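Undergrad: The lines below spell out each chain.
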Amino acid sequence: MPKVTNDEILAKLKEKYPDAVVDVPELIDFTVAVKSEALFDVGVFLRDECGLDYIADLTAVDRPERFEVVYHLYSIIDETTAPFVLKVYLEDKENPVLASVTPLWQGANFQECEVYDLMGIHFEGHPDLKRILLWEGFPGHPLRKDFEDRTFSFKELEPTRPTDPDKV
Amino acid sequence: MLKTESITLNLGPQHPSTHGVFRIKVELDGEAVRDLEPVMGYLHRGIEKISEDRTYVQVVPLTDRLDYICAMTNNQAYAMAVEKMAGIKVPERAEYIRVIMAEFTRIINHLLAVGFLWNELGAYFTPLLYCYRERERILDLFEKTCGSRLTCNYIRPGGVSLDLPEGFIPEAKKLTSHLKTFTDELNTMLTKNEIFISRTVDVGILPADLAINSSITGPMLRASGVPYDIRKVDNYSIYDRFDFDVPTCDHGDVWDRYYQHILEIYQSIRILEQALDTIPDGKVMGRRASRSLRRPPKDEAYGRIESPKGELGFYVVGDGSKNPYRLRIRPPSMINLSALKEMCEGQKIQDLIVILGSVNIVLGEVDR
Amino acid sequence: MEFLKDLFVNIGLWFSGWLTGFMPAWGVEVVTGFLGAIILVFIGLFAVLILTWGERKVIGRMQDRIGPNRWGPYGLFQPIADGIKMLTKEDIIPTGADRWVHLVAPILVIIPAVLIYAVIPFGDGLRGADLNIGILYIVALSTIGTISILMAGWSSNNKYSLLGAFRAVAQLITYEIPLVLSIITVVLLTGSMSMVEIVENQTVPYMVSMPLVFLVFMVAASAELYRAPFDMIEADSELIAGYFTEYSGMKFVMFFMAEYINLLAMSGVIVTLFMGGWRFFGLEEILPFLNPFIFFAKCAFVIFLFWWTRATFPRIRIDHMLGMAWKALVPIALVNLLLVGLVDKLVEGTLLTSGVLLIVNIIEMVILLAILDKVGGKTRAKTMERVAAQQG
Numbered sequence: 011m012p013k014v015t016n017d018e019i020l021a022k023l024k025e026k027y028p029d030a031v032v033d034v035p036e037l038i039d040f041t042v043a044v045k046s047e048a049l050f051d052v053g054v055f056l057r058d059e060c061g062l063d064y065i066a067d068l069t070a071v072d073r074p075e076r077f078e079v080v081y082h083l084y085s086i087i088d089e090t091t092a093p094f095v096l097k098v099y100l101e102d103k104e105n106p107v108l109a110s111v112t113p114l115w116q117g118a119n120f121q122e123c124e125v126y127d128l129m130g131i132h133f134e135g136h137p138d139l140k141r142i143l144l145w146e147g148f149p150g151h152p153l154r155k156d157f158e159d160r161t162f163s164f165k166e167l168e169p170t171r172p173t174d175p176d177k178v
Numbered sequence: 000m001l002k003t004e005s006i007t008l009n010l011g012p013q014h015p016s017t018h019g020v021f022r023i024k025v026e027l028d029g030e031a032v033r034d035l036e037p038v039m040g041y042l043h044r045g046i047e048k049i050s051e052d053r054t055y056v057q058v059v060p061l062t063d064r065l066d067y068i069c070a071m072t073n074n075q076a077y078a079m080a081v082e083k084m085a086g087i088k089v090p091e092r093a094e095y096i097r098v099i100m101a102e103f104t105r106i107i108n109h110l111l112a113v114g115f116l117w118n119e120l121g122a123y124f125t126p127l128l129y130c131y132r133e134r135e136r137i138l139d140l141f142e143k144t145c146g147s148r149l150t151c152n153y154i155r156p157g158g159v160s161l162d163l164p165e166g167f168i169p170e171a172k173k174l175t176s177h178l179k180t181f182t183d184e185l186n187t188m189l190t191k192n193e194i195f196i197s198r199t200v201d202v203g204i205l206p207a208d209l210a211i212n213s214s215i216t217g218p219m220l221r222a223s224g225v226p227y228d229i230r231k232v233d234n235y236s237i238y239d240r241f242d243f244d245v246p247t248c249d250h251g252d253v254w255d256r257y258y259q260h261i262l263e264i265y266q267s268i269r270i271l272e273q274a275l276d277t278i279p280d281g282k283v284m285g286r287r288a289s290r291s292l293r294r295p296p297k298d299e300a301y302g303r304i305e306s307p308k309g310e311l312g313f314y315v316v317g318d319g320s321k322n323p324y325r326l327r328i329r330p331p332s333m334i335n336l337s338a339l340k341e342m343c344e345g346q347k348i349q350d351l352i353v354i355l356g357s358v359n360i361v362l363g364e365v366d367r
Numbered sequence: 014m015e016f017l018k019d020l021f022v023n024i025g026l027w028f029s030g031w032l033t034g035f036m037p038a039w040g041v042e043v044v045t046g047f048l049g050a051i052i053l054v055f056i057g058l059f060a061v062l063i064l065t066w067g068e069r070k071v072i073g074r075m076q077d078r079i080g081p082n083r084w085g086p087y088g089l090f091q092p093i094a095d096g097i098k099m100l101t102k103e104d105i106i107p108t109g110a111d112r113w114v115h116l117v118a119p120i121l122v123i124i125p126a127v128l129i130y131a132v133i134p135f136g137d138g139l140r141g142a143d144l145n146i147g148i149l150y151i152v153a154l155s156t157i158g159t160i161s162i163l164m165a166g167w168s169s170n171n172k173y174s175l176l177g178a179f180r181a182v183a184q185l186i187t188y189e190i191p192l193v194l195s196i197i198t199v200v201l202l203t204g205s206m207s208m209v210e211i212v213e214n215q216t217v218p219y220m221v222s223m224p225l226v227f228l229v230f231m232v233a234a235s236a237e238l239y240r241a242p243f244d245m246i247e248a249d250s251e252l253i254a255g256y257f258t259e260y261s262g263m264k265f266v267m268f269f270m271a272e273y274i275n276l277l278a279m280s281g282v283i284v285t286l287f288m289g290g291w292r293f294f295g296l297e298e299i300l301p302f303l304n305p306f307i308f309f310a311k312c313a314f315v316i317f318l319f320w321w322t323r324a325t326f327p328r329i330r331i332d333h334m335l336g337m338a339w340k341a342l343v344p345i346a347l348v349n350l351l352l353v354g355l356v357d358k359l360v361e362g363t364l365l366t367s368g369v370l371l372i373v374n375i376i377e378m379v380i381l382l383a384i385l386d387k388v389g390g391k392t393r394a395k396t397m398e399r400v401a402a403q404q405g
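Protein chains in written order, with our numbering: chain A, 11 to 178; chain B, 0 to 367; chain C, 14 to 405.
A portion of the hints provided could be inaccurate.
The following label-pair restraints were derived from C-beta to C-beta distances [what the hints assert, rightly or not]:
| no. | chain 1 | residue 1 | chain 2 | residue 2 | range |
| --- | --- | --- | --- | --- | --- |
| 1 | B | Glu26 | C | Trp84 | 25 to 35 Å |
| 2 | C | Lys102 | A | Lys140 | 20 to 30 Å |
| 3 | B | Arg148 | C | Phe21 | 53 to 63 Å |
Listed below are the simulated SDA-like cross-link pairs for lysine to any residue, each with C-alpha atoms no more than 25 Å apart in a straight line [unchecked claim]:
| no. | chain 1 | residue 1 | chain 2 | residue 2 |
| --- | --- | --- | --- | --- |
| 4 | C | Lys70 | C | Leu335 |
| 5 | A | Lys155 | A | Val71 |
| 6 | A | Lys140 | B | Lys173 |
| 7 | B | Lys297 | A | Asp138 |
| 8 | B | Lys2 | B | His14 |
| 9 | B | Lys340 | B | Tyr131 |
| 10 | C | Lys102 | C | Asn82 |
| 11 | C | Lys172 | B | Arg293 |
| 12 | B | Lys321 | A | Arg160 |
| 13 | C | Lys172 | C | Arg69 |
| 14 | B | Lys179 | B | Leu138 |
| 15 | B | Lys48 | A | Phe148 |
| 16 | B | Lys191 | C | Trp320 |
| 17 | C | Lys387 | B | Phe241 |
| 18 | B | Lys191 | C | Gln76 |
| 19 | B | Lys191 | C | Ile186 |
| 20 | C | Lys340 | B | Ile194 |
| 21 | B | Lys2 | C | Arg399 |
| 22 | B | Lys48 | A | Leu167 |
| 23 | B | Lys179 | B | Phe241 |
| 24 | B | Lys88 | A | Phe148 |
| 25 | B | Lys321 | A | Val71 |
| 26 | B | Lys172 | B | Tyr131 |
| 27 | B | Lys88 | A | Val107 |
| 28 | B | Lys321 | A | Leu37 |
| 29 | A | Lys140 | A | Ala92 |
| 30 | C | Lys102 | B | Phe241 |
| 31 | A | Lys155 | B | Lys24 |
| 32 | B | Lys24 | B | Leu42 |
| 33 | B | Lys340 | A | Arg160 |
| 34 | A | Lys140 | B | Leu138 |
| 35 | A | Lys140 | B | Glu36 |
| 36 | A | Lys165 | B | Tyr67 |
| 37 | B | Lys282 | B | Tyr131 |
| 38 | B | Lys191 | C | Leu335 |
| 39 | B | Lys173 | B | Leu163 |
Hints were generated in silico from the structure; no laboratory data involved. Everything numeric in this text was worked out from a predicted model, so none of it was measured. Note that CB positions come from ideal geometry on N, CA and C, so glycine has one too.
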């Protein structure tokens, strides 16, 4: 596959999904923000047709007005140097939900769990979404900016026991 | 009708072979692994959250505590991400020092990876202790340079904190040639051992497409036959000036992952020889570095390096203040575990330990 | 000078003679038997002290470190310090454990280990009892140890222990067969099961005349002892400590001691069966009091071999281990038995038999290796090719 530049990918993306691209912010890394509903389709398109076969990093940023879920995509086959940064703005801060990309890139599995754990964003379609670093029953999601910075009592930090004793 | 029940075994969090506090929930059918689920988070210290309250330079010591046997490369990855975001230039001598330190760190990591793999095979510490002996020599050099052996806190945004001490270069050259002899020795003694081959060949095979899809990087990916090395791809720092190869193996089993480490030690030694020969004089810290970090731009950048374990990335989001607004660490150890289940299914429990050893995780980085 | 010649035997004779002065004959029997038993048990216990120290020291040297060196000259008192530490540790019985079985297992493991010493001849006339089925007695005892391991693994209510116990049983069943088959070879050649007679028959040590049988026996013995590379039942990197994971304090020490008592006992058996016991090129005739020293020096050599393998070999995998026993060791031992029987029948004269046996063994070794290479070596050859290609 010939090496495609990020600009070309954007052009192809705009052609294929004209409504999907919301924003192309001016940042150091080449960034494209897409609609949350279109994320999965865009993911399929980027992986299969643009050769971005490698999801290096998946994370989220808690902005005052919205959540930003950030995907850093590279191509291992094409050996791309600059990341293709895919962003999704989640305006609904109360109940952020997004489609999971784990079916596309298995490498997103743990990272989505981590975002769910620390940022509280639900990924629909994830095979096993669970709190990965903290335990079940931890109050709140620590990486959110409104996370209460205080000492917790032991009672609050008590893990919730799984209901089925045979499971553990 | 005879029916066998499966056992659920909790391997860890306190177990000699999980490299720390890592737990694997294994579903066993006799000796064979039927299903497994990695459970992590026992060492979670919230480094990403703590970083939000610290200035850019204050984060550097925290990165030492990620992958605590490769502190130098962690420093370098963070420094490079911050430099990319704030547009800081690094003096040439500092780049050379970084490369030297990073390659020494890579040798440390690979030696320990080989040693611990053998330990998990049951060689009762012998190869490991020999690897440790060589690691001590490298750590002595680190101590000489920055005063610390493990948590170096040496590579900072803008350069490195101190210049090399007197007599470092000849000593490092001597050590490099010694390391080459030692690696030869290691290779002769270990690689063709009969029991080792029977234990590792065709065990825990990781196909290349699965490796790419699971975002696996570093020696593990290259052992599966994908010649992807960020040092070559990105040509970051000054790696384009050195002549080195990206070795690969092609089966992706445990033996390949072991041998990949040996091959990469040789390449690191090659880089070290060239870097130690051509290191220029000059400053080691950019003049405007600290000033630009006091008021960095409102921007975000993802910087990555080829750490010994794989792609170590730092995603820095600045909001114009002196603290990072958000710092995300992309840990290679954790993401390399993504395909653990696929590699282990149907193998014996003894193989599970060996496969985990060949993934070579450090829990400080997995849990952050 | 005559007295010195056979020091230990004469001390014994003198002692029983002294006792007869004021005791009835049955009293002498009881007292000497009792004292002999105590001495034999103490040989085992003393072996634990020396062997733990020695193993740590030797493996330490092999691993480029010093080993214990703090307590006493060359760290010689380290085992005593360890013992005191172990004695003061808390004795834990895990929740849900089968209490009585858990308590009995460590006692049961140490008894057969000590009992083996009864029939091992340490020198000419220096032995607990000259049973005419001595070697059968040893084989029977070594099986009891495994029952106690199974008890320990089952009763601990711990999955690692259970897995270790499973492995122990599989290993025992598998390796008992080549072990016994190579013992039978020796018995066939000697015509006796008595340990003393086996030693007395070895003008040429069987290790020299039958190297293949010796090899099979060594491998089977190290599996029988659960030593590296067959230490799966306590594989520290997988099963933490295997069957004694849940044992602490003195009960742990019992398992630990049993391991080392067994080690010396088994190496004693190897020395007796294959290395000519207390005999050393006629030296035992000139200076009989050296007999036990020759014996223990040979034991030390065998034990050193075990330590050496422990420090240098990775652990073998369980299916490979079982496969090796059934596919390689048992056929080899059977062929050996056949050939040794034939040679013994056809050739007359001790030295001539030994020579013919050696030649037959070497030819057999070459042929067997070729066959094994042909049968089982296809995947191995492929692997080796790949390894070589990668290295080149």
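Undergrad: Does aspartate 138 of chain A lie within 25 Å of lysine 297 of chain B when you go C-alpha to C-alpha?
TA: Violated - the C-alpha atoms of aspartate 138 of chain A and lysine 297 of chain B are around 36 Å apart, more than 25 Å.
Undergrad: Lysine 282 of chain B and tyrosine 131 of chain B were given as a pair; does the straight-line alpha-carbon distance stay at or below 25 Å?
TA: violated, 33 Å
Undergrad: Can you tell me whether the CB distance of arginine 148 of chain B to phenylalanine 21 of chain C sits inside 53 to 63 Å?
TA: The hint (53 to 63 Å, Cβ to Cβ) holds, given that arginine 148 of chain B and phenylalanine 21 of chain C are roughly 56 Å apart.
Undergrad: CA of lysine 172 of chain C to CA of arginine 69 of chain C, is that 25 Å or under?
TA: violated, 29 Å
Undergrad: What's the verdict on lysine 155 of chain A and valine 71 of chain A, does the C-alpha distance respect the 25 Å limit or exceed it?
TA: Holds. Lysine 155 of chain A to valine 71 of chain A sits at ~9 Å (cutoff 25 Å).
Undergrad: Does lysine 340 of chain B pair with tyrosine 131 of chain B here, judged by a C-alpha cut-off of 25 Å?
TA: With Cα atoms ~30 Å apart, lysine 340 of chain B and tyrosine 131 of chain B exceed 25 Å; violated.
Undergrad: Under the criterion that the straight-line Cα-Cα distance not exceed 25 Å, is the pair lysine 340 of chain B, arginine 160 of chain A satisfied?
TA: violated, 38 Å
Undergrad: Next pair to validate is lysine 140 of chain A with lysine 173 of chain B; report whether the Cα-Cα distance is within 25 Å.
TA: violated, 51 Å
Undergrad: Given the hint that lysine 321 of chain B pairs with leucine 37 of chain A, test it: the Cα-Cα distance must not exceed 25 Å.
TA: holds, 19 Å
Undergrad: Do lysine 102 of chain C and lysine 140 of chain A keep their Cβ atoms within the hinted range of 20 to 30 Å?
TA: Since the Cβ atoms of lysine 102 of chain C and lysine 140 of chain A sit about 39 Å apart, the hinted range of 20 to 30 Å is violated.
Undergrad: Between the alpha carbons of lysine 88 of chain B and phenylalanine 148 of chain A, is the straight-line distance 25 Å or under?
TA: With a Cα-Cα distance of about 42 Å, the restraint between lysine 88 of chain B and phenylalanine 148 of chain A is violated, given a limit of 25 Å.
Undergrad: Quickly compare the C-alpha distance for lysine 179 of chain B and leucine 138 of chain B to 25 Å and report which way the hint goes.
TA: Holds: lysine 179 of chain B and leucine 138 of chain B sit about 17 Å apart, inside 25 Å.
Consistency note: the structure conflicts with the earlier hints numbered 1, 2, 4, 6, 7, 8, 9, 11, 13, 17, 19, 21, 24, 27, 29, 30, 31, 33, 34, 36 and 37.
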